[in-house]
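Heads up: the sequence lines are chains A and B, in that order. Using the numbering used here, the first residue of the first sequence is number 1, and each one after it goes up by one. Using the numbering used here, the first residue of the second sequence is number 1001, and each one after it goes up by one.
By construction, these hints were calculated from the structure, which means they are not laboratory data. Among the hints, a few may not be true.
[What the hints assert, rightly or not] Covered stretches of chain A (in silico footprint by chain B; criterion: 3 or more residues with CB under 8 Å from a CB of chain B, positions within the stretch not fixed):
1) 16 to 30
2) 73 to 82
[What the hints assert, rightly or not] A few chain B positions that, by computed beta-carbon distances, are all more than 10 Å from chain A:
3) Thr1002
4) Pro1008
5) Gly1040
6) Glu1052
7) Leu1055
8) Pro1070
9) Glu1078
None of the values given here were measured: they were computed from a predicted structure. For each residue, glycine too, the CB sits at the ideal point set by N, CA and C.
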Amino acid sequence: QKEVEQNSGPLSVPEGAIASLNCTYSDRGSQSFFWYRQYSGKSPELIMFIYSNGDKEDGRFTAQLNKASQYVSLLIRDSQPSDSATYLCAVNQDYGQNFVFGPGTRLSVLP
Amino acid sequence: DTGVSQDPRHKITKRGQNVTFRCDPISEHNRLYWYRQTLGQGPEFLTYFQNEAQLEKSRLLSDRFSAERPKGSFSTLEIQRTEQGDSAMYLCASSPNNEQFFGPGTRLTVL
Chain A
1 QKEVEQNSGP
11 LSVPEGAIAS
21 LNCTYSDRGS
31 QSFFWYRQYS
41 GKSPELIMFI
51 YSNGDKEDGR
61 FTAQLNKASQ
71 YVSLLIRDSQ
81 PSDSATYLCA
91 VNQDYGQNFV
101 FGPGTRLSVL
111 P
Chain B
1001 DTGVSQDPRH
1011 KITKRGQNVT
1021 FRCDPISEHN
1031 RLYWYRQTLG
1041 QGPEFLTYFQ
1051 NEAQLEKSRL
1061 LSDRFSAERP
1071 KGSFSTLEIQ
1081 RTEQGDSAMY
1091 LCASSPNNEQ
1101 FFGPGTRLTV
1111 L
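Here chain A stands alone, though its shape is the one from the complex:
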């Protein structure tokens, strides 16, 4: 059974700080890695994704992959109260078929 694990949190950071979210995955054959943000009562929305060949930066967000240790991280710079949400990590092996989601980490950015 493929597994994706995340610390459920809550992770609390002050406004303007860097928030660091981590996710570990069990399937060494995983090829693509996704971070979603989910506000309470809403559906997930994609923040960014990376493939197994490298990291990515997009504005205040950076996704990093450590294949040897099988974990993915999401860094949020200059955290804002509006970033307070649950962050879901998802992993895909088959380029479009079975996505496995972690349970999510709740982030709270304190003003």
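Keeping the supplied structure of chain A fixed, place chain B upon it in accordance with the hints.
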């Protein structure tokens, strides 16, 4: 609005009844996914379509669940003989490639 839509948004039913949910994906997306999400958990994969073909179905999915995408456009998810454990948010997502766009979900409550 050209996003993914789901209907109904809320459904309350009695144990043993059948329910059917509908998902209308973004029109040019050929991939469609169904997930189930319970409180404090990430979305759990149920099934995946590429155009009208159902390519993968979760082994965790009982035979009370069935999904169709008859013309490669909208999809329906039917749950027969509902049980209280079926109470959850049912999410649909569509994708042109590897990025999934989620609909608002259908919240099912089984009494």
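Tested hints:
1. Counting residues of the segment 16 to 30 of chain A whose C-beta sits closer than 8 Å to any C-beta of chain B gives 0, which falls short of three, so the coverage hint is violated.
2. Counting residues of the segment 73 to 82 of chain A whose C-beta sits closer than 8 Å to any C-beta of chain B gives 0, which falls short of three, so the coverage hint is violated.
3. The Cβ of Thr1002 (chain B) sits about 15 Å from the closest Cβ of chain A, beyond the 10 Å cut-off, so the non-interface label holds.
4. Every C-beta of chain A lies more than 10 Å from that of Pro1008 (chain B), the closest at about 15 Å, which supports listing it as non-interface.
5. With a cut of 10 Å on Cβ distances, Gly1040 (chain B) falls inside the contact zone with chain A, its closest approach being about 7 Å.
6. Residue-level check passed: Glu1052 (chain B) sits 16 Å from the nearest beta carbon of chain A, beyond 10 Å.
7. Residue placement check: Leu1055 (chain B) does not keep its beta carbon more than 10 Å from all beta carbons of chain A (closest about 6 Å).
8. For Pro1070 (chain B), the condition that its CB be more than 10 Å from all CB atoms of chain A holds, with the nearest at approximately 20 Å.
9. For Glu1078 (chain B), the shortest C-beta to C-beta distance to chain A comes to about 21 Å, beyond the 10 Å cut-off, and the non-interface label holds.
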